[in-house]
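Starting from the known structure of chain A, fit chain B onto it as the hints suggest.
This is what each chain is made of:
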Amino acid sequence: MKKSLILSGASALFLMSMFNLSGCSSVQPWEKQNLAKPEMTFEGDRLDTSYTEHIYSSKEGASGGSGVGGGGCGCN
Amino acid sequence: MAMVSTTKTTVFSALIASAALLLPSAKSAYADAAPEQAIVGMKYLNYHDSQSGDTAQTAGMSRDRINVNALSFMGMVPIAGKWSIAATFIEDSITGASPAYHSSGFPSAAANHDASSGASGELRHAGDLTVTRYFSRGTLSLGTSYSQESDYISRGVSLNGTLSTEDKNTTLSLGTAYNSDTISLDKPAVVSSKQQSAPGRKKVFSGLVGVTRVLSKNDIVQLNFTYTHGHGYYSDPYKDPDVRPDHRNMYTVMTRWNHHFEGPDGTARLSYRYYSDTFGVRAHTFDAEYVQPLSKGWELTPMVRFHSQSAADFYVPVGPAELADPSTPTPPPPGAAFFSEDQRLSAFGAFSYGMKVSKDLGRSWLVDVKYEHYQQRYNWCINGHGDPGVANFNIRDIQLGISRKF
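Here the protein sequences come in this chain order: A and B. My numbering puts the first residue of the first sequence at 1, with every later residue one more than the last. My numbering puts the first residue of the second sequence at 1001, with every later residue one more than the last.
Looking at chain B on its own, in the form it has when it is part of the complex:
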């Protein structure tokens, strides 16, 4: 009974938070129209993450973790005013390592040499293709995706549709997707208890229903609900101790609001997402950015984000023995069927800030640069109790992009 009451309260709070973003009284959607121009673009990402031992419990845990260099390409071509084809391709190069448990248990330097210990492969390639048909009051999109690295393959298909009212002020969105993943468990870096020749498999089905509504000539809002059902191999092959359930159902409620300010000709973009899954993770995520066009084709977009999540039901916090000696993980509770010491399943709050600067170079060329700094801390969690034995986690990333319309 207490669990249902807690669920009702949480859902109610999420809906209230969504409603708060819908408060400007609705006067009266914004339907996708067939694009008029083709576009090609390229973007480079330089990503670096690390952990910092800033407290008495985590002193000595500071170290670099993962570095990623990625290059991606995209192209979109309209066809005959009623169709478009869009494709993206990405190559990631990953070096470094992640902890096997909490903020410790990094592989040795020798094991690190092949850059796959604790990280899923050295190189990842992924691509997706989407074909869209435009109707007078809606769209239909068929998409396919493929991602491959040395120990993980993911394949997916999706179908998305939109339908607008005659005045195009309200748009209904429906979407469904299926993903099938194959996880190699015979790599040398896979922990010995999980080593096997047969790969792990995971199948994920997801659905979305959403509404987009034009509220005024300067306001547009969107409300989306998604449900995801997955079953298969969810444990992490490189983490130990780590045994996770063989299914995971996820729900999200997301509200987005874009408001244009006529005076400065700027636009505020706000969003809130509530997330809940059967692992026991509950999360609230707030995003805000402000797009300000300036003279001579310059545009600035500062942004902030706050994310808070509770821990998974089977998360095992750092125990006293591990605090004293991080070389040995905390034993799971006796008889526990599921357990994990993955920091990503702990309770924490994460705050990030960033800035994007873009410049219209004329002749349909656009360049942009974006910087973001992100930090996770156990004591920033607003909906759970964080684990003080886990070090702060930091991300710094820079993106450089260029695009052209035809």
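Same shape as in the complex, but just chain A:
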């Protein structure tokens, strides 16, 4: 219970700080050509990611982090 409260509080603080990060200027739409490249997104190759994350989560004690959803398996 204490662990979850500490983690939740730290999470909220960090999220708020992300929103408050402000610089002198923000990136304008005409400056975003590099950001539009596929390698600059966080999705990646859907099938590659699916295989890779499935392998790691079925052979390690940890899983998840980048998204929720998707099925489980009895992988051994």
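No lab work stands behind these hints: they were computed from the structure. There's no promise every hint is true.
Pairs of lysine-lysine residues, derived as BS3-like cross-links and limited to a Cα-Cα distance of at most 27 Å, are as follows [what the hints assert, rightly or not]: (1) Lys1194/B to Lys59/A; (2) Lys1405/B to Lys1359/B; (3) Lys1405/B to Lys37/A; (4) Lys1203/B to Lys59/A; (5) Lys37/A to Lys1168/B; (6) Lys1405/B to Lys1296/B; (7) Lys37/A to Lys1356/B.
Quantities reported herein were computed from a predicted structural model and do not represent experimental measurements.
This is chain B only, laid out in the frame that chain A set:
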């Protein structure tokens, strides 16, 4: 009190590690836009894992374990500029076996014949479908998934949404998912102490909150928090001795940073994840890859990954008797309610490296090949004490893919 101090220190360290990736001073998100093209793709996986007895304690334990051949398909279609539908389908074919305890206790050759002993079924089919609605400053996605093998069925639904600021430099993500699993416990290979006609059931709820932020014209970062609550059947039907708690809560903090280098036109993709659960497992995972486009449509992506985890609270290490004679597992501590000798719940470090090569063939065709090598070792753990009685674990996998946009 000591436990709270340890937790505070660990959380603080995780946040510092995340902050380190956010250091390039923020100047100012990247919102999903409705896709303009449909895409179909196919990918084949050839996977092989093994264990190697490289030390005095594990000498003689080297052997092959599991082989997997898998074929998956995906398709995504945009509709009317405001919707998209995406689906994937996969078939896995699995042969081989995993140990019943630590790195020993493999089923006999006869039991291995049906390829399900120590492995969950011979064939697995899975699919998922996601429908996404695109708004001017956000998205809403509804997903469903289904996975079936001879002894395990998993069904899931999920709802994910994003909301961006007007300049689209900051995006908030929220997601929730529910999974319901059914585990058959009447298969011949299930250990006798767990055999029963009624199946085991597991229900898992998870939630995500995240922020994606454009920092510069060449930098984008993401910070995600997830919480998962599960209750039901968590023990492994094919492992003995193995009795696990009937609930498992998991937390993750993940930071990702993509940086584009204008000179070489390459992109570094870095991520760090901290994981913690009520089994007692704590893990740190670092991922790094570099995407380098070359001439004539070629692209190289080398990658490295390091993962370190502590052991579950109820993990039982290899004892002296089992070291001398691996044919008998180490007895759990007297009176222990929960215990497991599953290598995956031990403390270890894992290092992997790989390379992906892709080629744009023109006319919207893309082919790719990826190779990865992975190894777990007890003495590579940086946040716990590994079990020297467990053999090193190795993975080698190759992926071959092809896709086309319309």
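### Query
Are the Cα atoms of lysine 37/A and lysine 1168/B separated by 27 Å or less?
At roughly 16 Å apart (the allowed maximum being 27 Å), lysine 1168/B and lysine 37/A satisfy the hint.
### Task
Take a quick look at whether lysine 1405/B and lysine 1359/B sit within 27 Å of each other, Cα to Cα.
holds (14 Å)
### Message
lysine 1203/B and lysine 59/A were given as a pair; does the straight-line alpha-carbon distance stay at or below 27 Å?
### Response
Given pair lysine 1203/B, lysine 59/A holds - Cα atoms ~21 Å apart, limit 27 Å.
### Task
Given the hint that lysine 37/A pairs with lysine 1356/B, test it: the Cα-Cα distance must not exceed 27 Å.
Measuring from Cα to Cα gives roughly 17 Å; hence the hint holds.
### Query
Is lysine 1194/B within 27 Å of lysine 59/A, Cα to Cα?
With a Cα-Cα distance of about 22 Å, the restraint between lysine 1194/B and lysine 59/A holds, given a limit of 27 Å.
### Message
So if I understand the rule, the pair passes when the alpha-carbon distance is 27 Å or less; does lysine 1405/B with lysine 1296/B pass?
### Response
holds (18 Å)
### Query
Within a Cα-Cα threshold of 27 Å, do lysine 1405/B and lysine 37/A meet the stated pairing?
Holds, at about 16 Å.
Violated hints: none; the structure is consistent with every hint.
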